[in-house]
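One letter stands for each residue in the lines below.
2 protein chains.
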Amino acid sequence: MSSNSIKVFAPASVSNVGPGFDIMGFALNNPGDEIILRKTNKQGLKITKITGDKNRLPYNINKNTASVAVLSMINKYKISQGLSIQINKKMGLGSGLGSSAASAVAAVYALNKLLDLKLPKYKLLPHALDGEYCACKSYHSDNVAPSLFGGFILIRGNETPEIIKIKTPPNLFCSIIYPDIFIKTEEARKMLPSKINLKKVVVQTGNAAALIYGLTTNNKELISRSLQDVIVEPARAKLIHGFKDFKKAAYDNGAIGCSISGSGPSIFSLSDTEVTAKKIVKGFKIIADKLNIKNSVYISKINKQGPKILD
Amino acid sequence: MSSNSIKVFAPASVSNVGPGFDIMGFALNNPGDEIILRKTNKQGLKITKITGDKNRLPYNINKNTASVAVLSMINKYKISQGLSIQINKKMGLGSGLGSSAASAVAAVYALNKLLDLKLPKYKLLPHALDGEYCACKSYHSDNVAPSLFGGFILIRGNETPEIIKIKTPPNLFCSIIYPDIFIKTEEARKMLPSKINLKKVVVQTGNAAALIYGLTTNNKELISRSLQDVIVEPARAKLIHGFKDFKKAAYDNGAIGCSISGSGPSIFSLSDTEVTAKKIVKGFKIIADKLNIKNSVYISKINKQGPKILD
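Taken in sequence, the protein lines are chains B and L. Take any residue in the first sequence, count from 1 to its spot, add 26: that is its number in the working numbering. Take any residue in the second sequence, count from 1 to its spot, add 26: that is its number in the working numbering.
Watch out, some of these pointers could steer you wrong.
Each pair may be met inside one copy or between any two copies, as identical chains are not told apart.
Within a straight-line C-alpha distance of at most 30 Å, the following computed BS3-like cross-link-like pairs (lysine-lysine) qualify [said to hold, decoys possible]:
no., residue 1, residue 2
1, Lys116, Lys216
2, Lys264, Lys75
3, Lys270, Lys225
4, Lys104, Lys139
5, Lys226, Lys147
6, Lys210, Lys316
No lab work stands behind these hints, which were simulated from the structure alone. In this text, all values refer to a predicted model and were calculated from it rather than measured experimentally.
Make the full structure from the sequences, and use the hints.
Given below as structure tokens:
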């Protein structure tokens with residue numbers, strides 16, 4: 027690519043992570059979205075091409091995650107350079123793998139590099155969140171932050187969320203099945219209980235804290251015991267046909283843990299060897315075949331880097 | 027002391043610890059309760075003396091925390107040796123500092139040593155919990171576990187709680203004021219909301235997880251930001267006259283964090299030097315004097331050891 031254009035990959039991410047509803051997420055090496063950003067002679071911003079979206083994403087720059095994120099930066103930094111965006115979606119929309127976040131992150135990262143703005147990543151975050159907002163109607167950073175910073179992210183606080191990058195075991199593999207069912211994030215949110223019993227809150231906070239401790243101290247048994255969601259998974263599992271069978275297959279094949287990725291329908295499972303990660307994916311496939319569910323599967327370690335420039 | 031008797035100290039403890047309602051607690055070097063356990067020729071168990079309780083604790087062995095804990099071991103291990111107990115209370119009853127837990131822990135630890143039962147600590151836990159149950163009518167280990175194992179404890183799970191000892195910064199000082207107001211644990215429980223808004227649950231789980239991460243990675247700033255309880259403290263603070271003033275005094279004097287100890291009325295504050303810990307206690311004292319509240323104050327690092335045999 028010449029210096030008049032740049033191609034950027036940004037990783038998909040698993041958010042919620044069992045007991046970590048709205049406060050945890052981690053990045054994946056695979057899948058992820060690609061953005062090609064080009065300087066143009068004509069002023070303004072334009073989306074020139076979108077691939078891999080089955081014609082479902084808008085070309086209207088005020089409605090597309092990637093362009094909204096770029097517009098947010100253009101406004102903030104008073105950028106006059108004309109720009110065009112090409113978006114290559116590499117995963118299903120509404121997969122629960124942070125697809126809109128990945129596109130927004132790739133877009134702001136690309137703009138920062140293309141125009142040599144030299145902004146640190148944390149300054150890109152609010153603009154990626156602006157992009158994510160247009161897809162999800164909420165300012166949650168549990169997909170955007172992992173995709174942008176890489177690694178396993180814990181989010182603390184309410185009004186100004188604090189992003190904390192957590193140490194994780196060196197060998198942690200993630201197996202994913204994306205059953206091709208469409209669940210809108212907003213609809214998955216409607217499934218959530220508005221009020222939660224204090225006893226459940228106690229169990230959930232204990233599991234969330236213990237999960238972080240298990241990750242930090244490389245204690246796989248503790249990770250396994252604490253990767254349990256007593257609030258959100260029971261409510262959302264109903265939306266995912268075959269969820270119980272997928273989960274059972276993961277554990278039968280040696281998973282450390284298994285839960286819904288984001289608001290679903292994707293299901294993630296952690297394990298500590300690549301061999302086990304592959305077994306789990308095979309197990310997922312068998313269930314999907316049995317239930318006649320179209321699907322995609324992925325295996326990935328935790329992505330440490332976040333977005334990267336492609337040749 | 028001869029081998030016919032033993033004197034044991036068990037530490038007080040701070041439970042709940044901000045966002046860690048029912049799942050966190052840590053032990054103190056000071057205060058703590060003492061138990062003297064003596065072999066007797068006459069069969070059976072007897073409480074011979076109780077000091078420091080202002081005549082409020084029962085001599086009935088089926089109603090006293092310490093003796094109930096011992097009885098639980100006597101039944102489990104079919105102990106026929108006659109025994110007498112002396113209890114020296116070294117802190118207020120219903121102080122929120124795990125007084126009943128300390129007595130129960132001291133008692134089971136003493137029995138294990140006196141009869142040379144060689145039981146590991148985790149086998150003493152259920153018996154200390156039986157003792158604690160008779161005071162609190164619930165099987166919570168957030169005071170018993172820190173008092174028994176020492177250190178900072180995270181409790182995970184519901185039916186069979188898992189006790190996790192957390193790494194903590196080497197220099198962490200706890201300043202405590204115990205305002206001499208009587209709050210029954212059961213009454214403090216009644217103040218709790220039964221149902222909690224999902225948004226608050228998200229903030230609380232984030233804070234709990236971040237607090238554990240801050241402790242483990244020795245990040246005082248993170249400990250400070252995450253030591254915030256949005257569910258229980260707002261409900262219980264009403265029971266503690268002057269709570270807001272005490273808390274302000276702690277922060278004004280350099281506290282890392284400040285919240286209610288257990289179900290109150292004691293208030294604890296963390297800091298990272300002994301000088302600051304002393305300043306905080308002075309600040310507490312000034313408020314207490316202003317409000318004309320009788321009180322006791324304590325300064326302690328986190329107790330690492332749990333119970334110990336006294337000469």
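The hints, checked one at a time:
In this assembly of identical chains, lysine 116 and lysine 216 lie within 30 Å of each other by CA distance solely inside one copy; the values are 27 Å within and 53 Å between copies. Taking the shortest Cα distances, lysine 264 and lysine 75 never come within 30 Å of each other, neither inside one copy (36 Å) nor across copies (60 Å). In the homo-oligomer, the alpha carbons of lysine 270 and lysine 225 lie at most 30 Å apart both inside one protomer (24 Å) and across protomers (27 Å), since each shortest distance falls under that limit. For the homomeric pair lysine 104 and lysine 139, the shortest alpha-carbon distance inside one copy (16 Å) is at most 30 Å, but the shortest distance between copies (75 Å) is not.
Within a single copy, lysine 226 and lysine 147 get their C-alpha atoms only as close as 36 Å, which misses the 30 Å cut-off; across copies the closest is 28 Å, which meets it. Taking the closest pair of Cα atoms, lysine 210 and lysine 316 come within 30 Å of each other only inside a single copy of the chain (25 Å); across copies the shortest separation is 58 Å, beyond that limit.
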